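There are 2 protein chains.
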Amino acid sequence: MNGPASLRHAIGVFDSGVGGLTVLQALRRHMPGRDFLYLGDTARAPYGRKPAEMVWKFSEQIANFLCQSGVGAIVVACNTASAVALPELARRCPLPVWGVIEPGVEAATRATRTGHIGVLGTPATIASGAYQKRLEARGFRVWARACPMLVHTVEEALADSPEADLLVRHYLEGRKEIDTLVLGCTHYPLLRGAIQRAVGGRVTLVDSAEATAQTVSRALGAAARQGGGGRVAHFVTGDATAFAHTARVIGGVEGEIAALDVMELARAA
Amino acid sequence: MNGPASLRHAIGVFDSGVGGLTVLQALRRHMPGRDFLYLGDTARAPYGRKPAEMVWKFSEQIANFLCQSGVGAIVVACNTASAVALPELARRCPLPVWGVIEPGVEAATRATRTGHIGVLGTPATIASGAYQKRLEARGFRVWARACPMLVHTVEEALADSPEADLLVRHYLEGRKEIDTLVLGCTHYPLLRGAIQRAVGGRVTLVDSAEATAQTVSRALGAAARQGGGGRVAHFVTGDATAFAHTARVIGGVEGEIAALDVMELARAA
Numbered sequence: 001m002n003g004p005a006s007l008r009h010a011i012g013v014f015d016s017g018v019g020g021l022t023v024l025q026a027l028r029r030h031m032p033g034r035d036f037l038y039l040g041d042t043a044r045a046p047y048g049r050k051p052a053e054m055v056w057k058f059s060e061q062i063a064n065f066l067c068q069s070g071v072g073a074i075v076v077a078c079n080t081a082s083a084v085a086l087p088e089l090a091r092r093c094p095l096p097v098w099g100v101i102e103p104g105v106e107a108a109t110r111a112t113r114t115g116h117i118g119v120l121g122t123p124a125t126i127a128s129g130a131y132q133k134r135l136e137a138r139g140f141r142v143w144a145r146a147c148p149m150l151v152h153t154v155e156e157a158l159a160d161s162p163e164a165d166l167l168v169r170h171y172l173e174g175r176k177e178i179d180t181l182v183l184g185c186t187h188y189p190l191l192r193g194a195i196q197r198a199v200g201g202r203v204t205l206v207d208s209a210e211a212t213a214q215t216v217s218r219a220l221g222a223a224a225r226q227g228g229g230g231r232v233a234h235f236v237t238g239d240a241t242a243f244a245h246t247a248r249v250i251g252g253v254e255g256e257i258a259a260l261d262v263m264e265l266a267r268a269a
Numbered sequence: 001m002n003g004p005a006s007l008r009h010a011i012g013v014f015d016s017g018v019g020g021l022t023v024l025q026a027l028r029r030h031m032p033g034r035d036f037l038y039l040g041d042t043a044r045a046p047y048g049r050k051p052a053e054m055v056w057k058f059s060e061q062i063a064n065f066l067c068q069s070g071v072g073a074i075v076v077a078c079n080t081a082s083a084v085a086l087p088e089l090a091r092r093c094p095l096p097v098w099g100v101i102e103p104g105v106e107a108a109t110r111a112t113r114t115g116h117i118g119v120l121g122t123p124a125t126i127a128s129g130a131y132q133k134r135l136e137a138r139g140f141r142v143w144a145r146a147c148p149m150l151v152h153t154v155e156e157a158l159a160d161s162p163e164a165d166l167l168v169r170h171y172l173e174g175r176k177e178i179d180t181l182v183l184g185c186t187h188y189p190l191l192r193g194a195i196q197r198a199v200g201g202r203v204t205l206v207d208s209a210e211a212t213a214q215t216v217s218r219a220l221g222a223a224a225r226q227g228g229g230g231r232v233a234h235f236v237t238g239d240a241t242a243f244a245h246t247a248r249v250i251g252g253v254e255g256e257i258a259a260l261d262v263m264e265l266a267r268a269a
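Those protein sequence lines, which keep their order, are chains E and H.
With my numbering, letter number 245 in the first sequence gets 245, and the count goes up by one each step, no holes.
With my numbering, letter number 166 in the second sequence gets 166, and the count goes up by one each step, no holes.
Wrong hints could be hidden among the right ones.
Among chain H residues calculated to face chain E with C-beta under 8 Å, some are [said to hold, decoys possible]:
no.	residue
1	43
2	149
3	241
4	259
Worth flagging that the hints you see were computed from the coordinates, not collected in a lab.
For clarity, every value in this text was computed on a predicted model and none was experimentally measured.
Where is the CB? At the ideal position from N, CA and C, for every residue including glycine.
So here's chain E without its partners, still in its complex pose (with noise of 0.2 Å):
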């Protein structure tokens, strides 16, 4: 493995590409002591169209990737692996391994009055129902939408913008009476401003990047304190340069980016 020194015992943090960095400044928020591996897997992104048999394939070539790296722990900070992969990923993988799902569920059902509860996420999560039966499962009901063009909104710097406006007007038509509302893909939380204005200030917003580094932390306890010295690295398996160009629109990165080759990873399955 080249490129930056594998932080062992640091927490492996994956996602198609840059919408996880959502995911990994949250848990940095949370456990500024705990050092982080970012892999973005944007040769193969995004993730949100692709059939779940592939994106479940990437998904295990990356975590065994990052098992092998010596990281401590892993978090699938892409809600469409999250959907596709868990809770398979976490049986077979010797690590603690969280979603963003789990914690986003949880975090809606405590916003919940009416019980009503709407989620927004790609094809591929939206299809998986991921989100759906375990709302379902504890008797909320669920409308849910697939919106294949809000990932490309926020990665062409449009979050704010009338492209971003007419595309969620347009996937918030016709939705049923909620009063939660779901963001279940990392990019998301970008597009809160036009997504509060179409669904009117009344209906709460559920973060999953916010609500996964709560888990991730508490289920840490103590050892989200340790762990290094907050360092970050990264690895891509498309070009470093272009990672860091797309990276802008979500913060930047911060930390070192090393490109990976995806036919390496796929060794590793």
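Here the structure of chain E is known, so what remains is to put chain H in place on it, guided by the hints.
Same frame as chain E, now just chain H:
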């Protein structure tokens, strides 16, 4: 160089990703006997929002790589790269190099009757002024509009969807009176339906993929019919499986796909 045997004297065709496949298809229709080597820089795609210097550097690396691979000519099958890198690339390169902009400009000047021409393209293409300068220098009136979301609309398999209609209408709002509209991005021919609906039947759409294939095949003359057995090989800097999946929206990939290390490409500079 690993992967498919390099096709010596093939025509090298490159794009940031899958969009240039529309140009490859047109080239193969016009020159069915030629071999083609297609390079999709998917590890660094999309180019449309990237700074001109970055797109220039990527284009130069790819052109050098194609020269070293033994191709006999190069087609820059990407409007963004053509806008930024031509004519400089043609000056530096020992082979004939064609872009998609000059042929599109020529086709538009032949199509217009009123002399009022519109151009749609990526932010980088429109910001470069590549179409506008060439058309205005020849006395045409130009209305140009950057359409950052349209590439993604195609790649999400939404060319025929409410999202496509919404976005196309948005980008064409407030346009000047035009009788000809250049589809200044290789993805846009797939949005022909939505675009024609938005502008009405009296506006002629100019497809630069088709115009480029005509230009190249005319320029090569008798040589257009020689140079191989109609084979095609693909190199991609991102993942081959992911490329094949995305390419389905453009009719899929014929021929072998091999992964090319983006760092090897950078060393070709």
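These are the hints, each one checked on the structure:
1. 43: holds, 4 Å
2. 149: Because about 5 Å separates residue 149 of chain H from the closest Cβ in chain E, which is inside the 8 Å limit, the hint holds.
3. 241: holds, 7 Å
4. 259: Status holds, d = 6 Å.
Of the numbered hints stated above, none is contradicted by the structure.
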